[in-house]
Amino acid sequence: MHLEVEILVGCALVGVSLASILSLTLWSRGIIERIAESEQQTARHLIKQLNGKE
Amino acid sequence: MAKNSPTSPADSVGHAPHGELSRELSLFHITMMGLGMMIGAGVFLGIGISIHEAGPGGVVLTFALNGLLAVFTAMSFAELSSAIPRAGGAYNFARIGFGRRASFLAGWMEWFASSVAGAMYALTFAIYTVRFLCKTGLLNLQPENPVDLVTIKTIETIVAVCTALLFIYINFRGASETGKIGAIITMGQTLFVVTIGVVGVVTMVRDPDRLANFTPFMPHGWSRLLMTMGFTYVAFEGYEVIAQAGDEAKDPKRNLPKAMLYSVLIVTVLYTLVAFATVVSVKAGDAALNGMRPDEWIGQYKEKGFGEAVAKLMPYGNLVLTLAVIFSSTSALNATIYSATRASYALGRDRMLPKLFSRIHPHRRTPYGALLCTAAIVLVVAVLLPTEDVASSASIMFLFLFFMVNLCVIKIRRSMADELEYGFIMPLFPLFPLLAIGCQVILAIWLVHMSWIAWIVAPLWIATGLIVYQKYALTRAITTDDEIQIIEDRRHHAEDVTDKFSIMVAVANPDNAEALVKSTYHLCGAKDAHVELIHMVPVPDQVALQDGWYSCRAGREAMLVVMRELAGHFPISTTLRYCRNVARGIVAAIREKRIRLLVLGWHGQSTHRAFSIGSTVDPIIEQSPCDIVVLKDCGPDTTFRKVLVPLAGGPNGALALEMASILCEEDAEATPITALNVDTGGHVDIKRFVDEQVAKKGLTRERFATRTIQASDPIEAILAESEDFDLIVLGTTQKSILRQFARRSIPEEIAHRSSKPTVIVKANIGVRSWLKRWI
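For the protein sequence lines, the chains are A and B, in the order given. If you read the first sequence in this note's numbering, its first letter stands for residue 1, the second for the next number, and so on. If you read the second sequence in this note's numbering, its first letter stands for residue 1001, the second for the next number, and so on.
Please note that the accuracy of each hint is not assured.
[Stated by the list, open to error] Each pair of labels, with its calculated beta carbon distance range:
| no. | chain 1 | residue 1 | chain 2 | residue 2 | range |
| --- | --- | --- | --- | --- | --- |
| 1 | B | 1194 | A | 26 | 16 to 26 Å |
| 2 | A | 16 | B | 1027 | 22 to 32 Å |
| 3 | A | 38 | B | 1538 | 31 to 41 Å |
| 4 | A | 29 | B | 1445 | 26 to 36 Å |
| 5 | B | 1753 | A | 19 | 45 to 55 Å |
| 6 | B | 1194 | A | 16 | 17 to 27 Å |
| 7 | B | 1488 | A | 16 | 52 to 62 Å |
[Claimed, not checked] Cβ-to-Cβ under 7 Å is the rule here; a few derived chain B residues that face chain A:
| no. | residue |
| --- | --- |
| 8 | 1053 |
| 9 | 1057 |
| 10 | 1060 |
| 11 | 1067 |
| 12 | 1068 |
| 13 | 1137 |
| 14 | 1191 |
| 15 | 1217 |
| 16 | 1265 |
| 17 | 1268 |
| 18 | 1413 |
| 19 | 1417 |
| 20 | 1422 |
| 21 | 1430 |
| 22 | 1437 |
Worth flagging that the hints you see were computed from the coordinates, not collected in a lab. Just so it is clear, CB atoms sit at the ideal spot from N, CA and C, and this is done for glycine as well.
Taking the hints into account, I'd like the entire structure generated from these sequences.
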């Protein structure tokens, strides 16, 4: 692979990885907070609730 | 499994009752415990080797991509820990997911892996401390001198033992001290690591030419990246120790998952930063490089490459590095002793190991028996065994554990989604556990090439564990709350029914049994079946399983009702069991008894909008590995002469037609069964479909008529059409479970609204069915 392309792909992968980890962490944190406010906490209820259907 | 309250009753008054651990660890403490476990020897050794193998670009990518992989497994740990926040971590998850044997092995491997890792950290601490003392002249010993070398080794061993003993004592002092002291040490090590990273970035900003150190980016090709990722994966395993803190964390349902995700995020950023700083630490063309490229110069030192680079990066680099390693080793040592102790405590608590392991100190409220046994392993390994290969064994076992945990999260979500109270459920399930499983397989294979001794030690320890389980744990393990207790399992016939078609009839009470008898009689007659009557006694979480006897009476009467009608015609067996959840109990019995068809009654109401049919029937339909027939309003006085079978060409069609044929009276009119297709644009050739299904099941074609009607609303159309019929037979939906959560499907909606007797059927089509419904 051409050097510039290699560096570009490498930097993109690092950026995407870090951004994905941050996004997943924040997304999960949001889910945790929403679940903490809910009365029913079984997975079936939560999936429906988190999808805004209940 | 009992639903776990966020805190024990003792928490409300601030004192734990006898035999329980105290809840004193906050989100900050448990996050620091995770970080302490992660920022250990792995990253310091891994950076130099990664530069050597994968080059300057590869080392940064290694840690960034590994962080992403780690977060996948961390999400599995987070979900399970939030639902099962008890000491034991992977051990508990494996027990609930796959039973006692798997859980024993999980706990057994976890105990060994963490203990050996603890010994390795104690030795790392000792080696770097003694090395620093020698370099500064405080110890007048020369490693080059063979006599001094023996003395140095002896001092290292003594320091390692003393360090291990100190942290064993700290763990004995209690979770609070463990967490607080660990937090202080972790903050120290984090500070040093951040310092190295920040100095690296500042150096690069001041001298941008150093970015040229990334050329060539990956001199040995991209495939090496996989090798370095496997080698450094161990540096991301700290979320496992967080899972161990379930009994001691405040508000564990919220804090455990948060701490796991935060710790992975923090270490990934830190590792990436430090890897970057290491690459730019030396300047190309420096006389000290002897004409080598910076990455070649760092890489030649392999595991010491990070130290050599940091020494070049900043003033007092050696001192900073030594302090960082000392802090990280002691922090990781603290966390691993904690983790190993809790793993063995959980085994002792469930009587899978001797009682000594479950003893809690009356004042300190720490599991001192488990701690003593863990200490023995740590000290023996630190004194006697070579650490490198045994550490590889620990890594393999951690990979096995994480693999198991990713399987557990899928299994438990599938089978106990209506029982456990979750504090976190991962999004896009089951994408992340499946990705993690794939990656762990690759990394485990890579470790085979790292150390062949590890592949002797690891199976040997597992084999020993299996012997201990077979000879000790199997007979002594206590029945836990999530298990099912069999009260009665009787055969009421002398016939050999091995090859007979087996029909299970689940009865709840005499009224329900009365309603099932007639249809069951037809089904058994048509199939020449053996009947298994089952009654599950649901026992509330607050009551011990063995105390469920008080509600057995209705079930026994129900069984008598069915037996009175069927015993003279078919071979019958009965089984009565206590359980926490009726659906899970029935599914377990179906698997155990290899049932081909399950017959259930349904009262026609759903207790909660989250369920399509009902809280018991829905999970049974989703999980049972057999055909299912659910009967609504098919009481003893009903006679079916005209049957409507709405069809849309799905896999339940054949079973629906067969059930219609069996339940419809033989002396009914010429074509008593009508297969109805509502054309909403799907263009199903109903005649051809019925021909195929009838031929497949060997039914009499003349009994079936076909009809297609045009309608925009299939529910209203079928309900209107059903007015002229005695019975409706519906196949369950083939929509995925997740889509059903959003909206009740057509068959279930019809079943709810229809005033006619209704039968819902689901055909078992094996793995395809499972995949379709869940993925």
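Hints not upheld, ascending by number: Failing hints, ascending: 3, 8, 13, 14, 21 and 22.
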